[in-house]
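Asks: Using the sequences and the accompanying hints, generate a full structural model.
As a plain string of letters, each chain reads:
Protein chains: 2
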Amino acid sequence: MNNETMTNFLMKRAFLTPDRTAVYFQDKALTFKELYNYSLNVAGQLQGLGVRKDDFVGVLLKNHLDTVIIFFALQLLGVRSVILNNRLTPSELVWQLEDSTSSLLILEDSFTDIKMVINQQLASLATITKSDLFAKKENEYADIQEEINLSDICTIMYTSGTTGHPKGVLQTYGNHWWSATGSALNLGFVESDCWLCSLPLFHISGFSILMRSVIYGMPIVLHEKFDVQKTIEDISDKKVTIMSVVGTMLTSIVDALTVSGLPEHFRCFLLGGGPAPLPLLEACVKKNLPVFQSYGMTETSSQIVTLSPEYSLSKLGSAGKPLFPSQLRIELDDHTAASPQHAGEIVVKGPNVTAGYLNRPDATKEKIREGWLHTGDIGYVDEEGFLYVLDRRSDLIISGGENIYPAEIESVLLSHPDVADVGVIGVDDAKWGQVPIAFIVKRESAALPQKELQQFCQTRLAKYKVPKQFYFTEQLPRNAAKKLLRRNLHEMINEK
Amino acid sequence: MNNETMTNFLMKRAFLTPDRTAVYFQDKALTFKELYNYSLNVAGQLQGLGVRKDDFVGVLLKNHLDTVIIFFALQLLGVRSVILNNRLTPSELVWQLEDSTSSLLILEDSFTDIKMVINQQLASLATITKSDLFAKKENEYADIQEEINLSDICTIMYTSGTTGHPKGVLQTYGNHWWSATGSALNLGFVESDCWLCSLPLFHISGFSILMRSVIYGMPIVLHEKFDVQKTIEDISDKKVTIMSVVGTMLTSIVDALTVSGLPEHFRCFLLGGGPAPLPLLEACVKKNLPVFQSYGMTETSSQIVTLSPEYSLSKLGSAGKPLFPSQLRIELDDHTAASPQHAGEIVVKGPNVTAGYLNRPDATKEKIREGWLHTGDIGYVDEEGFLYVLDRRSDLIISGGENIYPAEIESVLLSHPDVADVGVIGVDDAKWGQVPIAFIVKRESAALPQKELQQFCQTRLAKYKVPKQFYFTEQLPRNAAKKLLRRNLHEMINEK
Chain A
1 MNNETMTNFL MKRAFLTPDR TAVYFQDKAL TFKELYNYSL NVAGQLQGLG
51 VRKDDFVGVL LKNHLDTVII FFALQLLGVR SVILNNRLTP SELVWQLEDS
101 TSSLLILEDS FTDIKMVINQ QLASLATITK SDLFAKKENE YADIQEEINL
151 SDICTIMYTS GTTGHPKGVL QTYGNHWWSA TGSALNLGFV ESDCWLCSLP
201 LFHISGFSIL MRSVIYGMPI VLHEKFDVQK TIEDISDKKV TIMSVVGTML
251 TSIVDALTVS GLPEHFRCFL LGGGPAPLPL LEACVKKNLP VFQSYGMTET
301 SSQIVTLSPE YSLSKLGSAG KPLFPSQLRI ELDDHTAASP QHAGEIVVKG
351 PNVTAGYLNR PDATKEKIRE GWLHTGDIGY VDEEGFLYVL DRRSDLIISG
401 GENIYPAEIE SVLLSHPDVA DVGVIGVDDA KWGQVPIAFI VKRESAALPQ
451 KELQQFCQTR LAKYKVPKQF YFTEQLPRNA AKKLLRRNLH EMINEK
Chain B
1 MNNETMTNFL MKRAFLTPDR TAVYFQDKAL TFKELYNYSL NVAGQLQGLG
51 VRKDDFVGVL LKNHLDTVII FFALQLLGVR SVILNNRLTP SELVWQLEDS
101 TSSLLILEDS FTDIKMVINQ QLASLATITK SDLFAKKENE YADIQEEINL
151 SDICTIMYTS GTTGHPKGVL QTYGNHWWSA TGSALNLGFV ESDCWLCSLP
201 LFHISGFSIL MRSVIYGMPI VLHEKFDVQK TIEDISDKKV TIMSVVGTML
251 TSIVDALTVS GLPEHFRCFL LGGGPAPLPL LEACVKKNLP VFQSYGMTET
301 SSQIVTLSPE YSLSKLGSAG KPLFPSQLRI ELDDHTAASP QHAGEIVVKG
351 PNVTAGYLNR PDATKEKIRE GWLHTGDIGY VDEEGFLYVL DRRSDLIISG
401 GENIYPAEIE SVLLSHPDVA DVGVIGVDDA KWGQVPIAFI VKRESAALPQ
451 KELQQFCQTR LAKYKVPKQF YFTEQLPRNA AKKLLRRNLH EMINEK
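Chains as they are written, first to last, in full-length UniProt numbering: chain A, 1 to 496; chain B, 1 to 496.
Treat the hints with care, since some could be wrong.
Sample of chain A residues with no beta-carbon within 10 Å of chain B, all distances over it, derived [said to hold, decoys possible]:
#, residue
1, ASN139
2, VAL254
3, GLU264
4, ASP382
5, LEU390
Restraint-style ranges between C-beta atoms, simulated for each label pair [unchecked claim]:
#, chain 1, residue 1, chain 2, residue 2, range
6, A, HIS374, B, LEU332, 52 to 58 Å
7, B, GLU147, A, GLU4, 19 to 25 Å
8, B, ARG369, A, LYS225, 50 to 56 Å
9, B, ARG369, A, PHE134, 38 to 44 Å
Result set (BS3-like, lysine-lysine): computed pairs, CA atoms no more than 25 Å apart in a straight line [what the hints assert, rightly or not]:
#, chain 1, residue 1, chain 2, residue 2
10, A, LYS315, B, LYS33
11, A, LYS431, A, LYS225
12, A, LYS33, B, LYS315
13, B, LYS62, B, LYS238
14, A, LYS33, A, LYS137
Derived by calculation from the structure, the hints in this document are not laboratory data.
Glycine included, each C-beta is placed from N, C-alpha and C at the ideal position.
Replies: Here is the structure:
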């Protein structure tokens with residue numbers, strides 16, 4: 001089919017506009033041609049290691065120029081990148097690497113402890129540090145996949161569902177393409193555009209900026225991590241026009257900014273990562289900071305709903321309307337469409353929506369029905385079709401932009417011999433937006449100090465997932481079907 | 001498949017940005033919401049006539065606001081529009097209507113003679129004038145196709161091959177979509193954009209502007225036909241930023257413009273319709289008129305190769321590089337790829353390229369092989385991959401074994417101050433096989449002896465390229481898109 005093939009994105013971009021800047025990182029800048037040549041070298045080095053088209057390769061890297069090069073090297077080989085969250089514990093990483101049948105893991109030089117544990121627990125997996133990879137002799141002729149198929153899998157990112165283990169979300173080249181073009185049709189795209197990325201590249205929010213860069217031919221400014229002063233500096237110095245942020249980042253920027261606001265060339269903040277608090281949006285209006293609220297997830301390859309320029313004030317608090325290529329529906333429990341102003345499950349469809357989960361036909365079938373992805377999120381649309389997201393998910397906790405799924409923490413705590421039952425919820429936190437806390441029902445007569453539970457979690461969960469408080473209780477509120485009533489846990493907090 | 005469905009383009013656009021202006025025509029303007037509502041009405045009227053999804057409906061209309069409404073009404077019903085050239089003879093129209101199995105023809109009120117002939121020759125075909133259609137009672141509930149499939153056929157436009165009958169080029173919604181987004185990624189797209197369309201809507205050059213309008217959410221200024229003064233006026237008054245032109249139109253604009261050039265908001269002319277003469281491009285540079293040369297055809301749903309902003313000066317005369325989603329190759333007679341600077345057939349591929357010709361499996365197979373469309377055009381690429389279009393293969397003159405490209409000779413003659421227009425063809429010659437001859441339109445009142453033109457050419461062209469005869473004429477035969485009809489020049493020779 002004509003419709004399905006295209007030249008490898010970076011290869012095409014380096015051909016079209018070789019001399020445009022692709023990435024600024026620290027004091028370096030690479031043009032698209034340079035980025036392509038570096039990626040080509042690394043592709044040769046990877047091939048020398050035996051990496052081949054359609055392999056799954058784990059990537060555990062920080063935001064860095066080298067990371068960009070490695071991602072594009074993997075694309076040049078037609079490899080499926082399993083992009084791993086740096087904040088996971090070794091055992092969480094092992095689980096995802098095993099589940100994805102990854103044949104190689106590329107990781108930071110500094111992750112020596114992690115490397116050791118992974119090598120012990122998953123002896124079949126080859127691991128290599130970034131420096132060792134770059135020191136390899138390269139294959140003279142890298143077997144480059146000049147043509148890609150839009151349905152080829154480009155990346156896999158794991159998300160934790162509400163129950164059980166995390167699932168690998170399949171993101172095709174087409175998903176990334178449609179996400180990038182859908183966004184451009186909404187936000188517009190001009191030659192002077194430059195996108196600041198300080199969100200992690202291992203999240204779709206950061207990775208999608210990389211894909212926009214090659215598809216648009218647009219420079220990005222890459223930061224290792226969010227730093228409010230560096231952000232404000234680079235917006236001026238590097239002529240940044242767009243920046244993706246989550247609420248906590250935007251709050252810092254608003255607080256740090258003097259009344260003068262940002263330079264005129266700055267076009268907008270693209271705000272994701274959960275419903276934005278109204279006071280923040282109002283503060284942005286006051287400081288004349290253009291903010292586009294958006295809604296999206298790993299399964300939609302970043303934003304799928306965004307507030308259009310002309311409505312950014314009159315629909316403050318709304319996430320907007322679905323991007324041109326995508327569709328949105330609010331579904332009631334009986335699967336009929338909700339009328340305006342009535343809350344229901346947010347259901348989406350479009351060419352940017354994942355085809356499913358890696359090796360999880362059942363989960364795929366459950367979440368995607370007739371092309372419609374059931375997000376599990378709750379929201380409503382107004383009479384004009386603007387989406388208002390109510391609960392990111394009734395049980396989801398968003399802490400500093402990271403998704404935390406209570407079920408995952410509950411599952412860990414339940415594995416403690418002295419824990420009989422457990423319920424986790426998120427509570428508001430001035431710094432992180434939300435933090436997880438846990439309600440524990442102890443086994444009879446067990447002496448179970450809070451500190452022990454903390455340590456138990458710390459060895460099994462990323463730090464941000466460890467509950468900040470443990471409350472002991474006689475019984476958890478559950479309905480007749482024994483489903484935990486998390487809403488009632490919130491009431492219990494208020495009573496405390 | 002998720003990837004293949006989308007909301008009907010106009011319906012989605014009217015939902016996203018209802019209050020943006022869609023079309024300016026004469027003293028009227030319609031927003032997208034108004035355009036949608038009018039189109040919905042007409043869809044109901046068409047349905048009342050028995051028109052149903054997947055029907056073929058002929059459209060023989062002039063550039064007009066009503067035409068825009070009718071086109072979108074047909075899309076709302078999922079009808080395949082057979083878009084007919086107004087300049088065809090009744091018997092040519094009958095042929096295309098019969099070939100496409102059209103069940104209805106919608107035509108201008110003023111085309112009474114044509115209507116009569118068509119009714120006589122094709123009694124099975126229902127015909128209706130625009131006014132009669134608009135006077136019909138509408139179906140209360142039009143059966144609107146809210147969702148389209150990208151592989152659904154949206155339009156059919158006939159192209160004449162060099163031999164035999166014209167063929168109906170299938171243009172899917174996907175073809176139009178990819179053409180529009182590929183163009184946006186190259187030219188950029190900003191909210192203030194406004195595209196002037198004075199090319200006929202029955203050509204892909206005009207129709208594609210209509211599709212960009214709904215896909216981008218961008219107003220267009222529609223003119224009945226090209227009028228240089230109205231063009232210059234509307235560029236100022238309606239804040240036009242982009243205009244599609246062919247060479248002769250651009251020449252008129254350049255001639256009519258005072259030294260001051262165009263207002264600053266004007267971004268560019270998109271120049272298509274055949275190789276542009278260098279003197280014209282140079283005149284544009286002198287008058288500071290940004291021109292993007294492009295190359296495309298009905299089969300590629302408009303431009304497929306365009307010169308990127310940064311190369312508009314350094315690669316003057318090139319059509320540029322293939323748009324991001326598309327690919328280009330120069331093929332030698334033995335089907336191998338030509339090396340840079342070597343002329344061969346221009347071969348293209350991409351999601352904007354037609355899947356084939358209506359009911360012509362053989363022609364489809366001949367022209368499209370493994371996804372690559374064999375254009376029949378001759379060109380070469382330079383070392384950096386920039387395309388230079390030499391000529392239509394069918395127009396190629398072979399003289400004593402040398403290839404002569406008429407466009408090259410025309411470009412030289414056009415640089416003569418007393419030449420207003422020129423057309424070159426090859427005629428049979430006993431000695432050389434073929435020799436070039438030229439038809440010249442003099443500038444008013446210029447005395448221009450044949451001998452002077454000969455000498456002018458001799459100093460600028462190899463001897464075998466110098467036309468053996470110069471014929472003076474009042475006007476050259478051009479089609480509605482102002483493209484030179486070399487076939488008619490041959491007829492003029494025979495009449496002489």
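Asks: Going straight from one Cα to the other, do LYS33(A) and LYS137(A) come out at no more than 25 Å?
Replies: Distance ~22 Å between LYS33(A) and LYS137(A) Cα, so the pair holds.
Asks: Beyond 10 Å from chain B, beta-carbon-wise, is GLU264(A)?
Replies: With a cut-off of 10 Å, GLU264(A) remains clear of chain B, as the shortest Cβ separation is near 15 Å.
Asks: Are the Cα positions of LYS62(B) and LYS238(B) separated by 25 Å at most?
Replies: holds, 22 Å
Asks: Okay, ARG369(B) versus PHE134(A) on CB: inside 38 to 44 Å?
Replies: holds, 42 Å
Asks: Would you say the C-beta atoms of HIS374(A) and LEU332(B) sit inside 52 to 58 Å of each other?
Replies: holds, 54 Å
Asks: Tell me if the straight-line CA distance from LYS431(A) to LYS225(A) falls inside 25 Å.
Replies: Between LYS431(A) and LYS225(A) the Cα gap is close to 16 Å, so the pair holds against 25 Å.
Asks: Within 25 Å, alpha carbon to alpha carbon, are LYS33(A) and LYS315(B)?
Replies: holds, 19 Å
Asks: Could you check the hint for me, namely that ARG369(B) and LYS225(A) are 50 to 56 Å apart, CB to CB?
Replies: Check passed, 51 Å falls within 50 to 56 Å.
Asks: Using the beta carbons of GLU147(B) and GLU4(A), state whether their distance is inside 19 to 25 Å or not.
Replies: This hint holds: roughly 20 Å between Cβ atoms.
Asks: Can we confirm that no CB of chain B comes within 10 Å of the CB of VAL254(A)?
Replies: Check passes; 25 Å lies beyond 10 Å.
Asks: Tell me if the straight-line CA distance from LYS315(A) to LYS33(B) falls inside 25 Å.
Replies: Holds, at roughly 19 Å.
Asks: Determine whether the non-interface label on LEU390(A) survives the test: each CB of chain B must be over 10 Å from its CB.
Replies: holds, 22 Å
This entry satisfies every hint, going by the numbered hints stated previously.
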